[in-house]
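Trainee: Letter by letter, the chains look like this.
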Amino acid sequence: MNIPIEYYLILSALMFIAGTIGVIIRRNAIVVFMCIELMLNSANLTLVTFSSYLGNAIGQVFVFFVMSVAAAEAAIGLAIIIMVFRNKLTVNIDEINLFKW
Amino acid sequence: MNIELIIFVVFSLIAVISTIMVVTRKNAIMSAVFLILNFFALAGLYLLLNAQFIAVVQIIVYAGAIMVLFLFVIMLLNQHNEPSSANNKRKIKTFGVIIAALIFVQIVYIIFYQVPSHNITPDKLKSVEIGKIGTIGNLLYTEYVLPFLVAGFLLLSATIGAIVLAKKKFE
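Residue numbers (my numbering), protein chains in the order written: chain R, 1 to 101; chain E, 1001 to 1171.
Since the hints were made in silico from the structure, they are not lab data.
Ideal Cβ placement from N, Cα and C applies to all residues, glycine included.
A hint or two may mislead.
[Stated by the list, open to error] Calculated lysine to any residue pairs in the SDA-like style (CA-CA distance at most 25 Å, straight line):
| hint | chain 1 | residue 1 | chain 2 | residue 2 |
| --- | --- | --- | --- | --- |
| 1 | E | K1091 | R | M39 |
| 2 | E | K1132 | E | L1076 |
| 3 | R | K88 | R | V23 |
| 4 | E | K1168 | E | L1069 |
| 5 | E | K1026 | E | F1095 |
| 6 | R | K88 | E | I1160 |
| 7 | E | K1089 | R | N56 |
| 8 | E | K1132 | R | A70 |
| 9 | E | K1132 | R | V69 |
| 10 | R | K100 | R | N87 |
| 11 | E | K1124 | E | N1138 |
| 12 | E | K1026 | R | I80 |
| 13 | E | K1168 | R | L54 |
| 14 | E | K1091 | R | R27 |
| 15 | E | K1126 | E | I1003 |
| 16 | E | K1167 | R | I96 |
| 17 | E | K1093 | R | N87 |
| 18 | E | K1026 | E | F1040 |
| 19 | E | K1026 | E | G1064 |
| 20 | R | K88 | E | K1026 |
| 21 | E | K1167 | R | F85 |
| 22 | E | K1167 | R | T90 |
| 23 | E | K1126 | R | I25 |
| 24 | E | K1026 | E | A1100 |
| 25 | E | K1167 | R | V84 |
| 26 | E | K1093 | R | I25 |
| 27 | E | K1126 | E | F1008 |
| 28 | E | K1167 | E | S1157 |
| 29 | R | K88 | R | I24 |
| 30 | E | K1026 | R | N56 |
| 31 | E | K1026 | E | L1076 |
| 32 | E | K1167 | R | M83 |
| 33 | E | K1089 | R | V69 |
[What the hints assert, rightly or not] So the derived list for chain R, only partly shown, Cβ under 7 Å to chain E, looks like this:
| hint | residue |
| --- | --- |
| 34 | I17 |
| 35 | I25 |
| 36 | N28 |
| 37 | I30 |
| 38 | M34 |
| 39 | M39 |
| 40 | N41 |
With the sequences and hints as input, model every part of the structure.
Mentor: Quick look at the structure:
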């Protein structure tokens, strides 16, 4: 393993930043969800990197749990988006202001 | 220039470019397709890190299950491209880029100066051993059996919640 650990961490940071920018600037709720998946994935990459470099299996166990939470979050989030779309006929997050009064 | 570094550079370039494409494409379908490409590149990186089980689960769960869900919902809902709405769009864009740049500087500072990550000397044989499904399964069913059960209940409740949310007609 001749690759320095910093390379993986910088790659993970870049992916996390791109996900953050996507969450802030995109207006389509589904794409915002995809950017959240990107951020979760970059966190997973960091966990696997440290797990592999430090020789500790617990990081990979935690990645397993993160994946199950991501699956649950995607299912619930997309169900909420479908429900909101039935009410408002849009997935644009600028127009979804149900709680605003 | 060894082969491992070449593979790393190729996969990480694919990952970064597909990430940027996910954020910048106007069409949601294109974003989803590039996100799948990103998941595959990450699976390659996991293999490079000797995490075979996680790589396979990444392909099956993310590229297989979650992205099918995403594409299905896009097919159901998204009739048109994202509208270039709002006069304050420019402001939001600069705000987002500034916030992201600040976070990036922070992370890079932590990586290079705060945590002595360059002191880590990797142990290749050990990392091969811990990437196996047997090791992870052992940990999951002994030391982490309670979180494992909680994750199972979480998935069950998510399934029920998704059905309840998507089923009923709101008025």
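Trainee: Would you list, in rising numerical order, the hints stated earlier that this structure does not obey?
Mentor: 2, 7, 13, 17, 23, 30, 33 and 39
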